[in-house]
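Colleague: If you're matching them up, the sequences are chains P and S in order. Every letter in the first sequence is one number past the one before it in my numbering, and letter 36, counting from 1, is 36. Every letter in the second sequence is one number past the one before it in my numbering, and letter 40, counting from 1, is 40.
Every clue listed holds true.
Derived coverage of chain P by chain S (criterion: at least 3 residues anywhere in the stretch with Cβ under 8 Å from a Cβ of chain S; other residues may be distant): (1) 91 to 103; (2) 108 to 121; (3) 162 to 173.
Capping the alpha-carbon separation at 35 Å, the derived lysine-lysine pairs in DSBU-like fashion look like this: (4) S:Lys121 <-> S:Lys357; (5) S:Lys257 <-> P:Lys40; (6) P:Lys33 <-> P:Lys248; (7) P:Lys20 <-> S:Lys257.
Source of the hints: derived by calculation from the structure; they are not laboratory data. C-beta: ideal position from N, C-alpha, C; glycine also.
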Amino acid sequence: MTQAMTQPATAGEDLAIEVKGMHKWYGDFHVLKDINLNVKRRERIIICGPSGCGKSTLIRCLNRLEVHQRGEIWIDGIELNDDLKHIEKIRRDIGMVFQQFNLFPHLTVMENCCLAPIWVLKKPRREAEETAMHYLERVKIPDQADKYPGQLSGGQQQRVAIARSLCMNPNIMLFDEPTSALDPEMIKEVLDVMVDLANEGMTMLCVTHEMGFAKTVADRVIFMDSGEIIEENDPESFFSNPQSDRTKLFLSQIL
Amino acid sequence: MSVHTPHPDLPPPSTSVGIIGWARKNLFSSPLNSVLTLGALYLVVRFLPPVINWAILDANWAGSTRDACTDGGACWVFVKVRLTQFMFGFYPADQYWRVILAFGLLGVLIAWLLIEKTPKKSWVAAFTILVYPIIAFVLFYGGLGLPVVETNKWGGLMLTLILATIGMFFALPFGIILALGRRSSMPIPRALSVVFIELWRGVPLITVLFMSSVMLPLFMPEDLRIDKLVRALVGISLFQSAYMAEVIRGGLQALPKGQSEAADALGLSYWQAMFLVILPQALKTVIPGIVNTFIELFKDTTLVLIIGLMDLLSIVQSAFADPKWLGFSVEGYVFAGLVYWIFCFSMSRYSQHLERKLHTGHKR
Ligand SMILES: Nc1ncnc2c1ncn2[C@@H]1O[C@H](COP(=O)(O)OP(=O)(O)OP(=O)(O)O)[C@@H](O)[C@H]1O
Ligand SMILES: [Mg+2]
Numbered sequence: 001m002t003q004a005m006t007q008p009a010t011a012g013e014d015l016a017i018e019v020k021g022m023h024k025w026y027g028d029f030h031v032l033k034d035i036n037l038n039v040k041r042r043e044r045i046i047i048c049g050p051s052g053c054g055k056s057t058l059i060r061c062l063n064r065l066e067v068h069q070r071g072e073i074w075i076d077g078i079e080l081n082d083d084l085k086h087i088e089k090i091r092r093d094i095g096m097v098f099q100q101f102n103l104f105p106h107l108t109v110m111e112n113c114c115l116a117p118i119w120v121l122k123k124p125r126r127e128a129e130e131t132a133m134h135y136l137e138r139v140k141i142p143d144q145a146d147k148y149p150g151q152l153s154g155g156q157q158q159r160v161a162i163a164r165s166l167c168m169n170p171n172i173m174l175f176d177e178p179t180s181a182l183d184p185e186m187i188k189e190v191l192d193v194m195v196d197l198a199n200e201g202m203t204m205l206c207v208t209h210e211m212g213f214a215k216t217v218a219d220r221v222i223f224m225d226s227g228e229i230i231e232e233n234d235p236e237s238f239f240s241n242p243q244s245d246r247t248k249l250f251l252s253q254i255l
Numbered sequence: 001m002s003v004h005t006p007h008p009d010l011p012p013p014s015t016s017v018g019i020i021g022w023a024r025k026n027l028f029s030s031p032l033n034s035v036l037t038l039g040a041l042y043l044v045v046r047f048l049p050p051v052i053n054w055a056i057l058d059a060n061w062a063g064s065t066r067d068a069c070t071d072g073g074a075c076w077v078f079v080k081v082r083l084t085q086f087m088f089g090f091y092p093a094d095q096y097w098r099v100i101l102a103f104g105l106l107g108v109l110i111a112w113l114l115i116e117k118t119p120k121k122s123w124v125a126a127f128t129i130l131v132y133p134i135i136a137f138v139l140f141y142g143g144l145g146l147p148v149v150e151t152n153k154w155g156g157l158m159l160t161l162i163l164a165t166i167g168m169f170f171a172l173p174f175g176i177i178l179a180l181g182r183r184s185s186m187p188i189p190r191a192l193s194v195v196f197i198e199l200w201r202g203v204p205l206i207t208v209l210f211m212s213s214v215m216l217p218l219f220m221p222e223d224l225r226i227d228k229l230v231r232a233l234v235g236i237s238l239f240q241s242a243y244m245a246e247v248i249r250g251g252l253q254a255l256p257k258g259q260s261e262a263a264d265a266l267g268l269s270y271w272q273a274m275f276l277v278i279l280p281q282a283l284k285t286v287i288p289g290i291v292n293t294f295i296e297l298f299k300d301t302t303l304v305l306i307i308g309l310m311d312l313l314s315i316v317q318s319a320f321a322d323p324k325w326l327g328f329s330v331e332g333y334v335f336a337g338l339v340y341w342i343f344c345f346s347m348s349r350y351s352q353h354l355e356r357k358l359h360t361g362h363k364r
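Same shape as in the complex, but just chain P (with noise of 0.2 Å):
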């Protein structure tokens, strides 16, 4: 690997992500425009925003999930282009949560959660076991390890979906709005462990429209609107002082 693949853009400063200048377009539709962000290690950000405005593409960029047609995106000093190489050791690097848990319904839990550990970390069975059940411990579902995901209530299935994620042991985590999907007894659940991952210190993006769990867990919130990022402020300022129109009418409607 050469010096210049794995240099960081911004050397220096400790940057988990760095999007510089990033278009996407749907055919002729403009998803995404000049985006620019910039994550610092064990930063926590929310993004919100309403329907459409392109908060699921965003995120999906940043694990080459969907490609970015303009601009730069450095993980941790790796830049997101073609090359495979990079693809994989960027995908390594990142854990993603799906709104529809995208568990592998023909695989029991700790199989979803030994599956990549064992086929792309190379991991002996017994340690991606134990691994796993120590993830499976920490979202307080040690008990339901060898039952099917189709067996599972949505909140449990999605604390699995974390746990998977996780045993591949990140640096960073991308959720698309975890709780959704999930009647409203669930969510609480799924937050605690999001709450409990974030105090310990994992850089996290978060698509969410649960504003008490932005509150509370939130370094930095933005707030995109038809594919723009139009304002990004600490949570304390953002609810209570937005800045612009379209901000503070996203904010008078889901609070």
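Got chain P; can you put chain S with the ligands on it based on the hints?
Modeller: Same frame as chain P, but now just chain S with the ligands:
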């Protein structure tokens, strides 16, 4: 305020349980249903006893010539006398043990793989795929000290099973590769798969077989002579893999996109995601379609008749021409039909068992 007394559990009304309840619900739920039930009942009473009489009660089992058939029922003596030929074709009688050994070994291997909780499954699977074909080839054809039996001597059920087994053995993996190719984002594999699938699906199997045995040799160099059976096998395998590909593509398409996204996000490579996440689920959803294709393949092997291969059906038919046994075609066809039915029905039952076994709770 009154105190709530729990309602006691009552037995269900007698009209909803027992034989009467069942009959009422399933057979006589509407006037049309009642008419259909009575009609079906009439047909059973009218036709079943004669069939049973013919096939079993009045049938002739003993003896070895047609003179033994006097009772007016079916003459199973014909089938009995011809049975080894129906099973082995013109394979030399003193070498039958090779065929029995080859199929017996295959039976043991398959049972080992299908029955739950047998040890060392992956080794047995590797043996079945890599070593068994060589053993089977030597046993069937000869070599290593065994006398050679040319393929034109192979026939009967043995040939049918060889055609079907080899056809299935190739159709499934080829079908998977073609289905993946057709869904690939790379233009060249996709174009090749589409052309291949549409080409083979567009022609009837009978044409394929005819071309493989009549036309292909015209284009081939004189000295390169490929065995007729091999050509038929290639034709059947490629033809069925095109169908298999479309069945499997259906399964791939039915899978939510989130599954491959989750696999990607975890860092699995394309092939890891395919073999560990996508294919196990896609194949599971299309088990009925896969087994259906297998059953079709099994029955389609009868078409090799037109290129002069003696599979079970054609050898039964050729026996009708024996002057000593004229007039027993019904028995022959019933026997052949029964053999095909036993194999196809077993496959169908196994597929249902597999579906139940692989069911892992509710889909989301
Ligand atoms: N594959 C696609 N092809 C074309 N347009 C798309 C595609 N995916 C999303 N879009 C469009 O891009 C825009 C942004 O989508 P995105 O899913 O990022 O929104 P979002 O902010 O996450 O919304 P929500 O809160 O509803 O999840 C939407 O207008 C959507 O219609
Ligand atoms: Mg979204």
